[in-house]
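Peer 1: Position chain B relative to chain A; hints supplied.
Heads up: the sequence lines are chains A and B, in that order.
Numbering-wise, the first sequence is residues 278 to 835 according to this note's numbering.
Numbering-wise, the second sequence is residues 278 to 835 according to this note's numbering.
Be aware that one or more of the hints could be misleading.
Since the list gives no way to pick out one identical chain from another, each pair is judged satisfied if it fits inside one copy or across any two copies.
What the hints assert, rightly or not - Here are the simulated BS3-like pairs of lysine-lysine, each with C-alpha atoms no more than 30 angstroms apart in a straight line:
| id | residue 1 | residue 2 |
| --- | --- | --- |
| 1 | K644 | K685 |
| 2 | K822 | K685 |
| 3 | K644 | K825 |
| 4 | K729 | K353 |
| 5 | K402 | K835 |
| 6 | K729 | K685 |
| 7 | K512 | K828 |
| 8 | K685 | K828 |
| 9 | K412 | K729 |
| 10 | K729 | K474 |
| 11 | K523 | K828 |
| 12 | K825 | K685 |
| 13 | K835 | K644 |
| 14 | K353 | K431 |
| 15 | K488 | K512 |
| 16 | K378 | K402 |
| 17 | K835 | K378 |
| 18 | K685 | K402 |
| 19 | K280 | K412 |
| 20 | K828 | K729 |
| 21 | K644 | K822 |
| 22 | K828 | K402 |
| 23 | K835 | K729 |
| 24 | K353 | K488 |
| 25 | K644 | K512 |
| 26 | K644 | K828 |
| 27 | K512 | K474 |
| 28 | K685 | K835 |
These are computed hints drawn from the structure, not numbers from a lab.
Protein chains: 2
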Amino acid sequence: MAKYAIGVDFGTESGRALLVNVADGREVATAVHPYANGVIDERLPDSGIRLEPDWALQDPNDYIEVFKRAIPAVMKESGVRPEDVIGLGIDFTACTMLPTKADGTPLCYLSQWRSHPNAWVKLWKHHAAQPEANKLNETARNLGYPFLDRYGGKISSEWFIPKAWQTLDEDPEVYAAADRFIEAADWVVWQLTGEEKRNSCTAGYKAIWSKREGYPPDAFFAALDPRMERITGEKMSRTIYSLGQKAGGLTVEAAAWTGLRPGTAVAIANVDAHVSVPAATVSEPGRMVIIMGTSNCHMVLGTEEHIVPGMCGYVEDGIIPGFFGYEAGQSCVGDHFAWFVENCVPSAYEREAAARGVNIHQLLEEKAAALQPGESGLVALDWWNGNRSVLVDVDLTGLLIGATLATKPEEIYRALIEATAYGTRIIVETFAANGVPVNEIVATGGLPDRNKLLMQTYADVTGRPIHVAGTHQAGALGSAMFGAVAAGAAAGGYDSIFEATPRMASLRPEAYQPIPEHQEIYERLYAEYVLLHDYFGRGANDVMKRLKELKAEVRAAK
Amino acid sequence: MAKYAIGVDFGTESGRALLVNVADGREVATAVHPYANGVIDERLPDSGIRLEPDWALQDPNDYIEVFKRAIPAVMKESGVRPEDVIGLGIDFTACTMLPTKADGTPLCYLSQWRSHPNAWVKLWKHHAAQPEANKLNETARNLGYPFLDRYGGKISSEWFIPKAWQTLDEDPEVYAAADRFIEAADWVVWQLTGEEKRNSCTAGYKAIWSKREGYPPDAFFAALDPRMERITGEKMSRTIYSLGQKAGGLTVEAAAWTGLRPGTAVAIANVDAHVSVPAATVSEPGRMVIIMGTSNCHMVLGTEEHIVPGMCGYVEDGIIPGFFGYEAGQSCVGDHFAWFVENCVPSAYEREAAARGVNIHQLLEEKAAALQPGESGLVALDWWNGNRSVLVDVDLTGLLIGATLATKPEEIYRALIEATAYGTRIIVETFAANGVPVNEIVATGGLPDRNKLLMQTYADVTGRPIHVAGTHQAGALGSAMFGAVAAGAAAGGYDSIFEATPRMASLRPEAYQPIPEHQEIYERLYAEYVLLHDYFGRGANDVMKRLKELKAEVRAAK
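Extracted from the complex, chain A is given alone in its bound form (with noise of 0.2 angstroms):
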């Protein structure tokens, strides 16, 4: 008999189950359960208590609906055998964290942490850290902790300490109530299998975890705030398990709730965006992953440990096991696009499209695509939502020069596409300079399928062919793959992600290659992007920033 992996994809509004054919990646059945609670950014469930502006929560009994509905629903639909399902796997937003007490249960499951705020899961996007966020950093480059360096200088808001820290500054009792602070993504796997094992992608990539070092030593948290100084040891755990090993069997229980047997292998967690880099064939260095959607998240493999200058991060084990993963990102990619058509397309455009049936963004791109690189004089820099990689500058701004009378929405357009493509190129290209070459690019997510000329622009504008990865649910594919991987060969599974790999993710057969004369414009394109970039972003004008300045007092004062 054929056997099958699950993989479950958490995303931010839901849940996606996706039954896949071990053997060869074949995708048998879908399903998608949206939270009940949803993104939680108004008011707590039960009690109505009005949440600030930049909360983010959500319940975590919602993840456990999407093991109750969505997995019954891909063995209904396929009509697997559950015998014949030899592994699952799981990938998460992150970092989406919660407290819980030492036997798992979250805080705010119980009705006397029902109404703090802080007793929630705070989602990825929860900004109300950036204090903390704010004096962590402060306090790292003042007593001179090395680990920034490995996370672009700076750690988010968005991430494990700064989140953790946020319920101690809030909420000293939820704090000392909170036995554990874990990632969502290790407590949905607890809940699968019995066992806490927390895996070294979040870890590494969100809560300043490595594997060499180990989290930052005491003295670092009592130095943010006593009361902290053994949060790692006593609140978290200091044991990590790399991606690729097993976390457990499912319990009882849980086989309940999914009709899969007890005991089926359980992958130790991972995250949406690093689980699809091998969804994407990718398990080697040299070839980059971008994952195109609202924002574009870049993963490259490294055999050496090395410092790149404003990346994202790098995280041993983070990605592929036995490899460094170097993460960057551009934080406006879609968004631009969807900003430009919600607040720049004349209505004439509107109508042509509605005349021809097609949307507003397969017009713009045939009318973009007819132009030559360079025909419209216009370059932008995507600053729209700030730098994410390689000045990591939140406070960074859009640009768009070269417009005259003559300027026509699609040369906008292909502006912005082509703003989006050299911000990657810099990425690429600081990554090669700096010891992790990239020769080619998989794409995955959203906006590959939508636009092609995206797709051969970044050709054309890095230098790189463009391939695209087959499957349409990487991050469920990539999961169930390291469902097949827990469950081993012996199992009918595999005994390492570099066996599962070629067999399970497979690329389109169509890719995009660079055209020659394209490349020439495209060159002398980027110059007078770099010199911009570098001019607007290293210091020489901080107009920008002085913009924003002046509207935050102007609002202030309205």
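Peer 2: Only chain B this time, still in chain A's reference frame:
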């Protein structure tokens, strides 16, 4: 009996007659007559000869038709008796020029030349003499002629000598057949009075003449082309008449065209922009007039000669006799907002405007006016159509900085308005720094009535009160004022424009005063504008020019 004067304003598409009460400037009747041949930019009338893209011609007969139609119309509408019309003045677009025979017959009237494009009137926006303008500027610079300093360092392709030289270059037979090259302004006065009398305004601003030095010497023209050596003596006229002088009286023939009495006083011709200055109540230094329309034209009087860097020109007697008339300009103001509305306003805004029964400019103004200065975080450089003053560089292009994913169309719209205000402030401050003070601004043209936010922004940014001229027809009113001056006090008019101005011109009662809290914020924003202006405009980063060159290359290769 009350006395009247008529002003005739020759625009790009039509001519307008305005009949005015001499005592108080009251506008009694007005009539517009469109040119039958309009702007000739595709094919010549009759022959159907096809024109190159940069050409823009007119038919001089269309101007005569304005006299024949519009003047009788205002006479009829007003019921004024011909003997009570004491004077007539005209103003014209410039440089709009034509070749004629010695008796004033346009070459294009003659069947021999009618199919020769160079035999027709070259309209102000005829741009096909750029090669000649380039050679002229280069020659003047190489030979060290100082007159370029009077024109911001450059003679425009729109001006007189390049247009005449183009005729020689392209059609030497037409050049040889032309006994005269003359401004259309002076040609229509010639047709009215039978006397060829050239005005100091077009001679000075458009034909490199100055009261103290006359035209450049024959040696200069010989250096351009030996065949052009004696052009000013033989095909133009070295006798130039000041604004405010009388050109002559209506001929019997012209009296018959118009229904006025033979001998009615006709003023020396004027230019539409410059004649608006007294119509906006200004006949003294210190008060700048800005004509705000598709572009901005700034005019201010000075008692002394100053080289003001980067201005369009200064001419003694060029606006008001006895003063140096200083002129500057911004090439993209109303055009800027029109471009934005056509290319960048989403359909949701158009629907909102339609639902509320306002036009889209009104809606944008209303939304933009609800913002505080500095609130958008945006700054723009208003160079969508190059920079006319003070950088004098048509190859500069637009820039927008500070956009985020929350940026709204009205914020961009407001940033464009502010950018044109910063551009005006640079002009005002450059004048002031070079000995030509500007204490107050009077606005006229189409925009002041349509956009209060624009007016308030100019007051806030420049720190000067902005008044608005009472008339909606500043050109025609100014011409009528000069008509009353040509008639003289003895005939019921005035002996000088200084006497006519306070009586015939007026301001609106309401004015725009700078708001101190806005000024404070705009000081900071203006500093950012200046920094960007100098960085991109003065050679530190010529990215705009390089992008334009690349665009031209790519389009040429297409």
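Peer 1: Confirm or reject each hint.
Peer 2: Structure-based check of each hint:
Taking CA atoms no more than 30 angstroms apart as the test, K644 paired with K685 passes in both settings, with 10 angstroms inside one copy and 24 angstroms between copies. Taking CA atoms no more than 30 angstroms apart as the test, K822 paired with K685 passes in both settings, with 29 angstroms inside one copy and 19 angstroms between copies. For the homomeric pair K644 and K825, the shortest alpha-carbon distance between copies (20 angstroms) is at most 30 angstroms, but the shortest distance inside one copy (34 angstroms) is not. In this homomeric assembly, K729 and K353 never come within 30 angstroms of each other (Cα to Cα): the closest approach is 36 angstroms inside a single copy and 67 angstroms across copies.
In the homo-oligomer, the alpha carbons of K402 and K835 lie at most 30 angstroms apart inside one protomer (27 angstroms), although the nearest pairing across protomers, at 46 angstroms, exceeds that limit. In this assembly of identical chains, the alpha carbons of K729 and K685 lie at most 30 angstroms apart whether taken from the same copy (20 angstroms) or from different copies (28 angstroms). In this homomeric assembly, K512 and K828 never come within 30 angstroms of each other (Cα to Cα): the closest approach is 40 angstroms inside a single copy and 60 angstroms across copies. Proximity of K685 and K828 under a CA criterion of 30 angstroms is satisfied in both settings, with 29 angstroms inside one chain copy and 14 angstroms between copies.
With identical chains, the CA atoms of K412 and K729 are never at most 30 angstroms apart, being 44 angstroms at best within one copy and 47 angstroms at best between copies. Neither within a single protomer nor between protomers do K729 and K474 lie at most 30 angstroms apart by alpha-carbon distance, with minima of 41 angstroms and 66 angstroms respectively. For a Cα distance limit of 30 angstroms, the shortest separation of K523 from K828 qualifies neither inside one copy, at 51 angstroms, nor across copies, at 57 angstroms. For a Cα distance limit of 30 angstroms, the shortest separation of K825 from K685 qualifies both inside one copy, at 28 angstroms, and across copies, at 15 angstroms.
In this homomeric assembly, K835 and K644 come within 30 angstroms of each other (Cα to Cα) only across copies, at 16 angstroms, whereas the closest approach inside a single copy is 42 angstroms. In this homomeric assembly, K353 and K431 never come within 30 angstroms of each other (Cα to Cα): the closest approach is 47 angstroms inside a single copy and 80 angstroms across copies. For the homomeric pair K488 and K512, the shortest alpha-carbon distance inside one copy (19 angstroms) is at most 30 angstroms, but the shortest distance between copies (90 angstroms) is not. Taking the shortest alpha-carbon separations for K378 and K402, only the intra-copy value of 24 angstroms comes in at or below 30 angstroms, while the best inter-copy value is 79 angstroms.
In the homo-oligomer, the alpha carbons of K835 and K378 never lie at most 30 angstroms apart, since the shortest distance is 44 angstroms inside one protomer and 68 angstroms across protomers. In this assembly of identical chains, K685 and K402 lie within 30 angstroms of each other by CA distance solely across copies; the values are 23 angstroms between and 35 angstroms within a copy. Taking CA atoms no more than 30 angstroms apart as the test, K280 paired with K412 passes in neither setting, with 51 angstroms inside one copy and 81 angstroms between copies. Taking the shortest alpha-carbon separations for K828 and K729, only the inter-copy value of 23 angstroms comes in at or below 30 angstroms, while the best intra-copy value is 37 angstroms.
With identical chains, the CA atoms of K644 and K822 are at most 30 angstroms apart between copies only, with a shortest distance of 25 angstroms across copies and 34 angstroms within one. For a Cα distance limit of 30 angstroms, the shortest separation of K828 from K402 inside one copy, 23 angstroms, qualifies, whereas the shortest one across copies, 41 angstroms, does not. In this assembly of identical chains, the alpha carbons of K835 and K729 lie at most 30 angstroms apart only when taken from different copies (22 angstroms versus 45 angstroms within one copy). Taking CA atoms no more than 30 angstroms apart as the test, K353 paired with K488 passes in neither setting, with 41 angstroms inside one copy and 97 angstroms between copies.
In this homomeric assembly, K644 and K512 never come within 30 angstroms of each other (Cα to Cα): the closest approach is 56 angstroms inside a single copy and 51 angstroms across copies. When the C-alpha separation of K644 and K828 is checked against a cutoff of 30 angstroms, the pair qualifies only between copies, where the shortest distance is 17 angstroms, while the shortest distance within a copy is 35 angstroms. In the homo-oligomer, the alpha carbons of K512 and K474 lie at most 30 angstroms apart inside one protomer (13 angstroms), although the nearest pairing across protomers, at 97 angstroms, exceeds that limit. Taking identical chains as interchangeable, the C-alpha atoms of K685 and K835 lie at most 30 angstroms apart only when they sit on different chains, with a minimum of 18 angstroms there against 35 angstroms within one chain.
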